[in-house]
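Novice: Taking the hints into account, I'd like the entire structure generated from these sequences.
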Amino acid sequence: MCGIVGLFIKNPALQPELGRLTSLMLKTMTERGPDSAGFAVYGSPTSGQRKMTVRGISAENLGDFEAGFLKAADGSASVARHQDHVVLTYASDLEPAIRAFVNGFGHDVHFASSGESIELYKGVGLPEDVASRFGLEKMQGTHSIGHTRMATESAVTTAGAHPFSTGPDQCLVHNGSLSNHNTLRRRLVNEGLTFETENDSEVAAGYLSWRLAQGDKLDQALESSLKELDGFYTFVVGTREGFAVLRDPVACKPAVMAETDDYVAFASEYRAFADLPGIENAKVFEPEPQRVYHWEHAA
Amino acid sequence: MSGARNTRIFDLSTSTLRELNSTLQQEGAEGAWEIHNPAGRHSLAVGLTQPVSITIDGHAGYYAAGMNQRANVVINGNAGQGVAENMMSGSVHVKGNASSSAGATAHGGLLVIDGDAGARCGISMKGVDIVVRGSVGHMSAFMGQSGNLVVCGDAGEALGDSLYETRIFVRGTVKSLGADCEEKDMTSEDRQILTDLLAKGGITDIKADEFRRYGSARKLYHFRVDNASAY
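Taken in order, these protein sequences are the chains called V and L. Residue numbers for the first sequence follow full-length UniProt numbering, beginning at 1 and rising by one. Residue numbers for the second sequence follow full-length UniProt numbering, beginning at 1 and rising by one.
Rather than coming from a laboratory, the hints here were simulated on the basis of the structure. Relax, there's no trap hidden among the hints.
Under the rule of at most 20 Å between Cα atoms (straight-line distance), these lysine to any residue pairs were calculated in the SDA-like manner: (1) V/K283 to L/G134; (2) V/K227 to V/S179; (3) V/K253 to L/E157; (4) L/K200 to L/R171; (5) V/K253 to L/S43; (6) V/K253 to V/F232; (7) V/K227 to L/E157; (8) V/K10 to V/D275.
Note that the structure is predicted; figures quoted are calculated from it, not measured.
Specialist: Listed below in structure tokens is the structure:
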């Protein structure tokens, strides 16, 4: 099954509520996916700075990791810790150096996401526990994407949890299964992409990142994925300013959306909207198959 | 919404879904009920066998009023997948939109949807009457066996694929017809059936003459190897 949720805030006054509302939505989707959960939160970017989320840092490695990072960042940087995830903030031009440091650190430490506004957290366990472990309730931002997983295509591990981030400020959550992901993975590897898991959803994320890197706009990348990705899917995709939804032509996987003047929300089931403010008067609709829906904040 | 006299109220913010359904399924449940705070829960008011009148005040999740017999259920909101699935008799009225597979496999009764219905509306319907004020999604009335599907708006791709004897009436455009579904002449019997269904659906501003009638070409009833590619 799997449950997916997304919330794109239109009214800035609601930004402080983003994490709390996302956490309620994730908790409601536990019945669709109790084995792991994850979420990406997009905050307001700070000019000239980048953020990287890194996961799998144990208490005993934290000291070495922080020291190594600050050395690589030449001192002018900061670290925020959320359980075994840390969010590193540093000057944009240091991105290659920080990436090299994280990839070389070892000790099962993994890159999770990077960009100007994305932070990405995921873990094994009940969605409610995962959300509270990382303090999602208190997080603020402009939009969020979350996933509760019932594993079908690969193992129950943190790496197999969604979202998958394969490009700067990009991430994807997926409900469904892709039938041509191995073929597509080989093609994308030939194009220079690398994949961390055997998961089909990571291939979908990688495909979109590849299209975006080729110069596609988000909606164009999603249009072309309709031709290239075979199988059942509902995708919710985040970029720095944007938020998009796509369903396959058969639209077997459930999806419902709600829009008000204050927000656009996506969920696998209406239940996940029940706690959203003003939901009684929202426009609630089912996204059509093969149609790209997307919203963007002014850049 | 305030309860009329003798209307019993069931509040799902204080009681469980299991309590709701077991109460409504019992003998003695006859009469009017309002269900408050449904919050999109699944399986609301399912398996009813008593002549009860139920108003769900809000949005319903999957399979609302499924397997209904004799009860009249009104949903003041949207309904999730499989609303009125396998209904035998009685009626279900969705005031908002319905998701996919509305009225799936239903044998009898009346399903009215004021808004749009998603994909596969009336899939494998076996005698139910379905009246949709808005549009229906792709593969609606797939393998429909009997009953009537009335669509006042448009129909998506592959309408009536592998159809048996369900009558389909569409007022708007049909994106494409499924295998073995064809447009038919509207007979006076068809017109009468449609007129009655529009009235039952509370639709007074649309006339039967505005619809086209679709049905089975009856070429795929029995397997013939010549038709293998059409199945």
